[in-house]
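Enquirer: Listed in order, the protein sequences are those of chains A and B. Mind the numbering: the first sequence is residues 1 to 113 in the numbering used here, read in order. Mind the numbering: the second sequence is residues 1 to 114 in the numbering used here, read in order.
Among these hints, one or two may not hold up.
[To be verified] Pairs of lysine-lysine, PhoX-like flavour, derived with a Cα cap of 20 Å:
no.	chain 1	residue 1	chain 2	residue 2
1	B	9	B	38
2	B	41	A	3
3	A	108	B	40
4	A	3	A	108
5	A	108	B	41
6	B	40	B	9
7	A	108	B	38
8	B	40	A	105
9	B	41	B	53
10	B	22	B	53
11	B	38	A	105
12	B	41	A	105
13	A	112	A	69
14	A	69	A	3
15	A	3	A	112
Rather than coming from a laboratory, the hints here were simulated on the basis of the structure.
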Amino acid sequence: DAKTTQPNSMESNEEEPVHLPCNHSTISGTDYIHWYRQLPSQGPEYVIHGLTSNVNNRMASLAIAEDRKSSTLILHRATLRDAAVYYCILRANYGGSQGNLIFGKGTKLSVKP
Amino acid sequence: DTEVTQTPKHLVMGMTNKKSLKCEQHMGHRAMYWYKQKAKKPPELMFVYSYEKLSINESVPSRFSPECPNSSLLNLHLHALQPEDSALYLCASSQDRQSTYGYTFGSGTRLTVV
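In isolation and in its complexed conformation, chain B is listed as follows:
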């Protein structure tokens, strides 16, 4: 299995809702990442997990809450989002942070906040 699987593919949520994005990989990778991508912009790094521990939080608002329950799974919990949070949310994994090899990205979850 050489894929990163993200669910759901599309999500529409209200500003008072709580929802979660899920990311799964079975490549034995020990580093996992969340990115946010607005239309026609490059992906922006949000969070980095290394061996299931949060290594980097790029000053992301607390309405985004990441969680790494095990080495294969990465969640992003969403609460009280704003319309400007509408974006494509991408998950990626790599062998570990020290490896020089490439990342594997999922296809993303397209989030719309109404």
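Chain A on its own, in the form it takes in the complex:
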């Protein structure tokens, strides 16, 4: 499974934008980039996913580098409820691992009031 690299932790101030980076230099052409977050004492929650183009939804935006070797999850205005561990995951579209989500260590985001 292709690996991702994320900072262990990041801090943000409430109501400011947050940019969470992810490196995935070994990504294959058919891997989708998925982001999930896990709040304390809860299961992971889907945030956003994309293949090549930037994506927006009600929760966040996903910016994907042109060479697809990195991506950035953007929370436009952080709130205290956004404090969580954010996971960047490559989801294979072919082969024996097709469709599997294999979690890396993630980034623990802290939001200060």
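Following the hints, put chain B in place on chain A, whose structure we already have.
Expert: Same frame as chain A, but now just chain B:
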């Protein structure tokens, strides 16, 4: 209904007990998954079911036995567990294994083996 429901939320069991974890979804998803998560670690994939058939067993010990009786239900049968099996057990579902859309996770069952 857009949820994955896991029961029980908490379970304490002895090493000689047999217990089962239950997971249910009514979104019409045809792929279902079991994950294990130790404290302060990421979730680890255990089993993958696709159209009610076991597709992947990630070398999980036989004291964990999954079962998918129908397309909405996924069970994890537990027998002769060890204290190191204490963890949060998460169930998830997705449209199917080929879909590029996201998973929906349950809130998990927190298992303590004594």
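Enquirer: Determine for every hint whether it applies to the structure shown.
Expert: Against the structure, the hints come out as follows:
no., hint, result
1, B:9 with B:38, "16 Å, holds"
2, B:41 with A:3, "16 Å, holds"
3, A:108 with B:40, "10 Å, holds"
4, A:3 with A:108, "18 Å, holds"
5, A:108 with B:41, "11 Å, holds"
6, B:40 with B:9, "19 Å, holds"
7, A:108 with B:38, "16 Å, holds"
8, B:40 with A:105, "9 Å, holds"
9, B:41 with B:53, "28 Å, violated"
10, B:22 with B:53, "17 Å, holds"
11, B:38 with A:105, "12 Å, holds"
12, B:41 with A:105, "7 Å, holds"
13, A:112 with A:69, "30 Å, violated"
14, A:69 with A:3, "11 Å, holds"
15, A:3 with A:112, "30 Å, violated"
The structure fails to meet hints 9, 13, 15 from the earlier list, while all remaining hints are met.
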